[in-house]
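A.B. asks: What follows is each chain in one-letter form.
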Amino acid sequence: MSHAVKEVRAKTKQAKAKPALSEGKRAERRLGLLLCAPAAIVMIAVTAYPIIYSIWLSLQRYDLRFPDEREFVGFANYAAVLSNSYWWTAFGTTMFLTIVSVAIELVLGMTLALIMHRTLVGRGLVRTVTLIPYGIVTVVAAFSWYYAWTPETGYLANALASGGAPLTEQWTSLWIIILAEVWKTTPFMALLLMAGLALVPDDLLKAASMDGANAWQRFTKVMVPVMKPAILVALLFRTLDAFRVFDNIFVLTKGANDTSSVSMQTYNNLIKGLNLGIGSTMAVLIFITVALIAFIFIKVFGTAAPGSDQGGKR
Amino acid sequence: MRKVAAVLGATIVGATTLTACGTEGGMKINVYYAPEDNFQTVVDNCNTQANGRYEIVYNKLPRDADGQREQMVRRLAAGDESLDVLGLDVTWVPEFAEAGWVDEWEGEHKAQAMADVLPGPLETAQWKGKLYAAPKNTNVQLLWYDERITPEPPETWDQMIQMSRQLKDQGKPYQILFTGAQYEGLVVVYNSIVESAGGRILSEDGEQVVMDQGAIRALDLLKEVSSSGLTDPSLTNQQEDQVRQAMQDGRGAFELNWPFVYAAYAEEKPDELRHFKWAPYPGVNGPGSGKSTIGGYDLAVSAYSQHKPEAYEAALCLRSPENQKFSALMDGVPPTVESVYTDPTPLDPAKPADEAENPTMATKYPMKDTILEELKTAAVRPLTPAYQNLSTVMSKILSPPSAIDPQGTADTLRQQLTDALDSKGVIP
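For the protein sequence lines, the chains are B and Y, in the order given.
With the numbering used here as the guide, the letters of the first sequence map in order to residues 1 to 314.
With the numbering used here as the guide, the letters of the second sequence map in order to residues 315 to 742.
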């Protein structure tokens with residue numbers, strides 16, 4: 001770490017010591033900036049502005065129904081949300097859903113990827129079939145899960161939980177939500193992992209089997225290490241996605257029986273309760289959490305940011 | 315490139331002029347209202363009456379109340395000018411009025427909107443002594459039962475629980491069906507039981523939380539009925555329509571629901587309709603003490619409407635006594651105008667009355683007297699702009715009803731409702 005810091009310092013010193021740029025170089029740089037400007041402005045307009053605006057809203061008491069009572073309250077909204085048990089329940093639920101569903105998806109996704117990678121006959125067909133769940137709109141899929149798990153009308157409820165109503169109890173609902181999430185996004189995971197599998201050179205595998213490694217050893221000692229960047233990227237994407245889970249919960253339980261996720265709760269406060277202050281505070285907290293997750297993945301696990309090659313300049 | 319931009323620009327300008335022309339040729343009055351099977355006919359009637367001066371367009375809102383409110387609120391908060399007439403659930407009038415989203419009714423319009431309207435429904439259309447909407451239809455819940463199972467309906471909750479237990483032992487349909495999902499419907503059930511027990515949740519002016527002995531007794535009762543195994547297994551997922559369905563499927567012995575279930579039953583099981591009976595809402599302190607919560611819709615005119623005079627006219631037409639009678643007969647929604655209940659003329663006054671083809675209130679809406687009776691003592695939900703927060707918090711705390719701990723739940727309610735009234739704190 002300190003080595004890196006030193007390096008950066010040395011670089012800045014070097015930059016300062018550099019002689020003034022020539023006229024042509026400067027013009028070139030200006031042109032470069034001008035060419036970048038439209039893209040930068042669009043980026044600021046569509047991403048930075050809403051983020052900054054919601055941070056600004058989160059510092060106010062602002063209820064749409066009482067527009068006259070709008071005032072600046074500093075961090076009072078943060079105190080209100082962070083000391084509220086509903087928020088922490090939702091946070092715990094979201095974390096649980098995220099970790100469990102991503103773990104299951106990783107295992108299933110890897111299996112699927114291996115199958116798709118090694119399929120000899122009808123490769124295109126196999127891949128298409130695997131990807132179907134991913135192509136179905138989440139809300140539509142969620143509705144079919146909802147009806148499947150509703151007593152009397154649903155085949156799953158009748159077959160697996162006759163006499164009960166699984167969507168009315170916390171734990172069964174949570175597992176059903178996980179099932180719906182896993183069913184829906186495993187293909188995405190498989191797709192990313194399959195791209196990673198393509199990175200593993202056949203020669204390496206052949207050499208390993210020459211050395212007497214069995215299938216499991218080839219998988220753990222050769223494939224996984226080579227695939228590590230792809231696995232981490234897949235995990236990062238899915239974790240960020242899973243943390244924002246909304247649609248499945250909205251359809252399946254509407255957040256009843258403590259199955260609400262943080263997004264669901266933000267929606268309730270913002271859209272249903274019209275409380276822009278509290279709602280934006282929650283949105284900002286979600287943003288911070290997502291940023292933290294990304295940071296941990298990139299810094300701690302060394303996930304390569306998509307688009308940057310490892311070790312090269314960033 | 316320039317050519318493409320020019321074409322694009324022309325299209326945009328053209329499109330806007332076209333839309334402008336469209337409204338000029340025939341003015342559109344956009345009505346946003348909950349789904350009601352035969353409301354389009356009412357709209358058509360009013361369009362005929364308008365004689366080409368404007369055309370009412372019925373925009374169907376989602377089926378559940380939360381979804382309806384959300385859609386309107388989102389648009390109104392953004393100042394959407396395309397909304398003209400809004401179908402407001404009776405609990406939303408204070409909120410919409412306080413936020414300045416709907417206009418006050420005055421003068422001739424006001425007189426017409428108030429004429430012969432029952433006091434309970436009228437109260438729901440007012441806020442701070444001013445009229446903000448015209449009551450379209452009111453509603454009270456009744457106790458529905460199948461006379462083949464229970465020839466004598468129960469008069470109190472205790473009786474109902476007891477009868478249900480006996481039926482269960484005999485292997486007959488026994489369930490007590492009511493809206494137990496975590497939403498407004500559960501709050502309605504609770505509010506009705508509280509009022510039946512002579513209790514109060516909020517003070518009269520709606521500004522303070524009371525939660526007295528009656529309110530605690532109601533918690534007790536709600537817990538008892540939900541944890542006794544006498545309700546539907548999916549109680550905590552059931553809203554009005556699932557309750558209706560469960561009764562129609564023959565699972566229940568008793569159903570607490572709005573009168574729309576009668577029209578639906580007549581539609582789907584006409585042969586068994588004569589066995590499908592109703593009784594007043596069950597009491598808590600002995601027979602006759604039952605009070606149902608008032609429901610229904612009021613029609614308001616959006617503050618952002620570009621055609622207000624026509625919007626008022628359209629709203630008044632949509633809730634005219636004739637159309638209220640039509641809606642009562644066809645969709646089972648109770649009128650707000652008292653004289654409709656005793657109106658002897660059939661649906662089409664020009665033709666002779668006929669039970670199947672041309673019904674009257676007496677032949678097709680036989681529960682009208684019970685409804686009118688209940689309306690006189692019915693309970694109005696607390697009128698406050700913060701009602702939505704109140705309702706969300708209450709449905710959360712009351713759900714699942716089988717987990718209620720009367721004293722503890724009452725304390726939680728007292729504290730969190732106070733926060734909700736001040737529009738403070740987090741809603742679940």
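For the record, the hints were derived by calculation from the structure and aren't laboratory data.
Here the structure is a predicted model, which means the values were calculated and not measured.
Treat the hints with care, as some may be off.
Once the Cα atoms are required to be at most 30 angstroms apart in a straight line, the calculated DSSO-like pairs of lysine-lysine come out as [unchecked claim]:
1) B:Lys272 with Y:Lys583
2) Y:Lys374 with B:Lys254
3) Y:Lys444 with Y:Lys374
4) Y:Lys537 with B:Lys254
5) Y:Lys482 with Y:Lys537
6) Y:Lys591 with Y:Lys622
7) Y:Lys442 with Y:Lys482
8) B:Lys272 with Y:Lys482
9) Y:Lys682 with Y:Lys591
10) Y:Lys374 with Y:Lys486
11) Y:Lys665 with Y:Lys690
12) Y:Lys424 with Y:Lys622
13) B:Lys272 with Y:Lys374
14) Y:Lys537 with B:Lys272
15) Y:Lys665 with Y:Lys424
16) B:Lys272 with Y:Lys622
17) Y:Lys622 with Y:Lys486
18) B:Lys272 with Y:Lys591
19) Y:Lys591 with Y:Lys537
A.B. asks: List, from low to high, the hint numbers that the structure doesn't satisfy.
C.D. replies: 1, 6, 7, 8, 10, 11, 15, 17, 18
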